[in-house]
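Colleague: Use these hints to put chain F onto chain D, whose structure you have.
Protein chains: 2
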Amino acid sequence: MTGAGEGGGEGASSLLPVAVDAMGGDRAPDEIVAGARLAAAELGRPVALVGRPQAIEAVEGGAGGLEVMAASEVIAMDEDPAQGVRRKKDSSLVRAAEAVRDGRASAMVSAGNTGATMASALLRMGRLPGVARPAIATPIPVPGSTPTVLIDAGANAECSPPWLVQFAQMGSAFARERFGLAEPRVGLLSVGEEPTKGNTLVKETHELLTRTPGIRFVGNVEGRSILSDAVDVVVTDGFTGNVALKTLEGSLRFLVNAVLGAFSSSEEAKRAAQVLLPALAPVVDELDPDSTGGAMLLGVDGVCIISHGSSSARAIVNAVRVAHDMVERGLVGALRDAVGNPVGSRR
Amino acid sequence: MTGAGEGGGEGASSLLPVAVDAMGGDRAPDEIVAGARLAAAELGRPVALVGRPQAIEAVEGGAGGLEVMAASEVIAMDEDPAQGVRRKKDSSLVRAAEAVRDGRASAMVSAGNTGATMASALLRMGRLPGVARPAIATPIPVPGSTPTVLIDAGANAECSPPWLVQFAQMGSAFARERFGLAEPRVGLLSVGEEPTKGNTLVKETHELLTRTPGIRFVGNVEGRSILSDAVDVVVTDGFTGNVALKTLEGSLRFLVNAVLGAFSSSEEAKRAAQVLLPALAPVVDELDPDSTGGAMLLGVDGVCIISHGSSSARAIVNAVRVAHDMVERGLVGALRDAVGNPVGSRR
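Sequence order for the protein chains is D and F.
What the first sequence shows, in numbering that gives the first Met the number 0, is residues 0 to 346, in sequence order.
What the second sequence shows, in numbering that gives the first Met the number 0, is residues 0 to 346, in sequence order.
Chain D on its own, in the form it takes in the complex (with noise of 0.2 Å):
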């Protein structure tokens, strides 16, 4: 096993190349392919492409000096996850993920369908010991703040308690990791902030947080702490997770539409946005999903970058920046660090 990310040896594995999935994401493959390109000369890291040669080479530009690491085939946004990787062994995104357990890749990037992104990972390049279930971590972008890491954003539609712990102290790892925060305070999404408010993973969840080392565990949060800075980590199930984050998402894109409506509704409103663009500009970019550089899963043995289905050139070049500084920063020993596997089991 040489997965890479591991805790040490992290000067080897930077010099691999991220493999970036090609055909994967509703702008593939040439947004993917471009962004891929960008990142190479950007970073000045080196950038693989994971799929089918010739497509690479026919998006404009071609794969421009990276290199092409061969998959035949493409699992479809919406094929059945577990059938795709089960069935498409020469995918892209099977590829991938056997790229980074091989020693072959650093980390892997997709933008394509994300249960396939998932299976792929956790079957090609495993658990990490005692993780019970690997979990999407998604940074939501909070201006004028450091992102808050909302996990588990969609793998688990299901949890139990000790998983909710273990998303707490993965998600504390990845926000220390991430965004360098000394002692991230971690939330727990509920509808109220007593510890007596919420349905029973809740509050069997809470009292397990309260007598769990090594995470600063705050409390109870509710929705409206995801965008403030009021919480670093949020700790829900995968189903709450994907609502609230799906939900966040929509009312966002609906006011910003709304905002945009008025802005073009006439010529005197639009040179009247002229004028505040300059000021909103920077609140807008900084919810946009493309600057985030994409959600995380974690508790997989390798870094696995999952980017937005609609991840343009512009998306891809920051997924690969934080794919290449995960590594380089060891989080996968991090996170083997937090869920109290003792150091050095597997090293």
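Incorrect hints may have been included.
Unchecked claim - These stretches of chain F come out as covered by chain D in the derived footprint (C-beta under 8 Å, 3 or more residues):
1) 150-164
2) 191-202
3) 223-232
4) 241-250
5) 266-272
What the hints assert, rightly or not - One-sided and incomplete, this derived list gives chain F residues near chain D with beta-carbon spacing under 8 Å:
6) Pro142
7) Leu188
8) Phe238
9) Phe253
10) Leu254
11) Ala257
12) Val258
13) Ala261
14) Phe262
15) Leu275
16) Ala278
17) Leu279
18) Val282
Unchecked claim - Here chain F is said to cover these stretches of chain D; the calculated rule only asks that three of the stretch's residues, wherever they fall, bring their Cβ under 8 Å from a Cβ of chain F:
19) 52-64
20) 147-159
21) 220-231
22) 251-265
The hints are simulated quantities; they were obtained by calculation from the structure and are not laboratory data.
For each residue, glycine too, the CB sits at the ideal point set by N, CA and C.
Modeller: Just chain F now, kept in the frame of chain D:
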């Protein structure tokens, strides 16, 4: 039992006052009493204030000629709901619910402790026959379209599939009576549109809803559909519903504040904002929870409106208007029919 809002007898109950809890809400009693007086004046309908007569008279303008139903106790906003209702039998909330039960009021409105409002209504008015659990229906304003009814928005943290089916039935009846929709489209809140997506509760409920007569089930919807015209009623358990509601409110407030901040960032920006406000104000007004008339507890034998804790006088006016409307339209009878009780079983 002469509970208001029975399928028949609308003529009589519409002459009864709406009982407004004068002591409930962050801005009680001042804004509540002012709102009740305004409602009576603007709507020309009877309104009664429930609470401490001295506190009501101490408000500027006093009761202003409205009937006062004396209640010596107050259940605090953060008080344990069940305990509060059990111990404070002479509280404004309990007395308001009794007034509806005893046929002295047509409906009740409170901006106070939500749990205690539900408990008072449930214990004093009683459940409608056949209703497993009352649920909170919250209209989410969708500028440019009819509001989306979110049910359950927080009454039941833990739910079973048959309860959710009843929420769908009650939510449909409510959307029909409240917004005049002939065949409201009902969606089930999940993490993907496919019937196979979601947790066990959602998968089992989906199956039941596909064969529930009398509702127009359109399948699973995601969080982003709440603030859209894709669906009229969104069914979920009270935990997920409350998280979604607060996430939505928090996101909108965050972005509205960011926009307002940009609008006042400089003198030039302030002038530009003056040009844009006429186009933006209607959207912001519609999204204001004070304008929706409040949430409604469905499944109890009477009309019970749960207003936002921060309700202003304007919110109370809208709540009283909706309460009167729902009494006149026979909402309670419609709900009784919707959950499948034989017509006339209690008339």
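Colleague: So, for every hint listed, does it hold in this structure?
Modeller: Tested hints:
1. By the rule of at least three residues with a Cβ nearer than 8 Å to a Cβ of chain D, the coverage given for the segment 150-164 of chain F holds, with 3 such residues.
2. Closer than 8 Å: that is the beta-carbon criterion, and the segment 191-202 of chain F has 5 residues meeting it against chain D, so the requirement of 3 holds.
3. With a threshold of 8 Å between beta carbons, the proposed coverage of the segment 223-232 of chain F by chain D holds, since 5 of its residues qualify and at least three are required.
4. Coverage of the segment 241-250 of chain F by chain D holds [criterion: at least 3 residues with CB-CB distance below 8 Å; count 10].
5. Coverage of the segment 266-272 of chain F by chain D holds. Counting CB-CB distances below 8 Å, 5 residues qualify, and the rule asks for three or more.
6. Using the Cβ-Cβ criterion of 8 Å, the hint placing F/Pro142 at the interface with chain D is satisfied: the shortest such distance is roughly 7 Å.
7. A cut of 8 Å between beta carbons decides the hint on F/Leu188: the least distance to chain D is about 6 Å, and the hint holds.
8. About 5 Å separates the beta-carbon of F/Phe238 from the nearest beta-carbon of chain D, less than 8 Å, and the hint is met.
9. At about 5 Å, the closest approach between the beta carbon of F/Phe253 and any beta carbon in chain D falls short of 8 Å, and the interface hint on this residue holds.
10. At a threshold of 8 Å, the smallest CB-CB gap from F/Leu254 to chain D is about 5 Å, leaving the interface hint in force.
11. This hint holds: F/Ala257 has a C-beta 5 Å from the nearest C-beta of chain D, less than the 8 Å allowed.
12. Because the smallest distance between the Cβ of F/Val258 and any Cβ of chain D comes to about 6 Å, under 8 Å, the interface hint for this residue holds.
13. Satisfaction of the interface hint for F/Ala261 is found here, the shortest Cβ-Cβ separation to chain D being roughly 4 Å, below the 8 Å cut-off.
14. Interface hint at F/Phe262: satisfied, since its Cβ lies 7 Å from the closest Cβ of chain D, which is below the 8 Å cut-off.
15. Below 8 Å, beta-carbon pairs count as interface contacts, and F/Leu275 has one with chain D at about 5 Å; its hint therefore holds.
16. Satisfaction of the interface hint for F/Ala278 is found here, the shortest Cβ-Cβ separation to chain D being roughly 4 Å, below the 8 Å cut-off.
17. Look at F/Leu279: its Cβ gets to within about 4 Å of chain D, closer than 8 Å, so that hint holds up.
18. For F/Val282, the suggested interface contact is upheld, since its CB lies about 5 Å from the closest CB of chain D, less than 8 Å.
19. Three residues within the 8 Å Cβ limit are the bar, and the segment 52-64 of chain D against chain F gives 0, so the coverage statement is violated.
20. Using a Cβ-Cβ cut-off of 8 Å, 3 residues of the segment 147-159 of chain D lie near chain F, which meets the minimum of three, so the contact claim holds.
21. Proximity of the segment 220-231 of chain D to chain F, defined as three or more residues with a beta carbon under 8 Å from a beta carbon of that chain, is established by the 7 residues found.
22. Restraint check on the segment 251-265 of chain D versus chain F: 12 residues with Cβ-Cβ distances below 8 Å, three needed, restraint holds.
When held up to the earlier numbered hints, the structure conflicts with hint 19 and nothing else.
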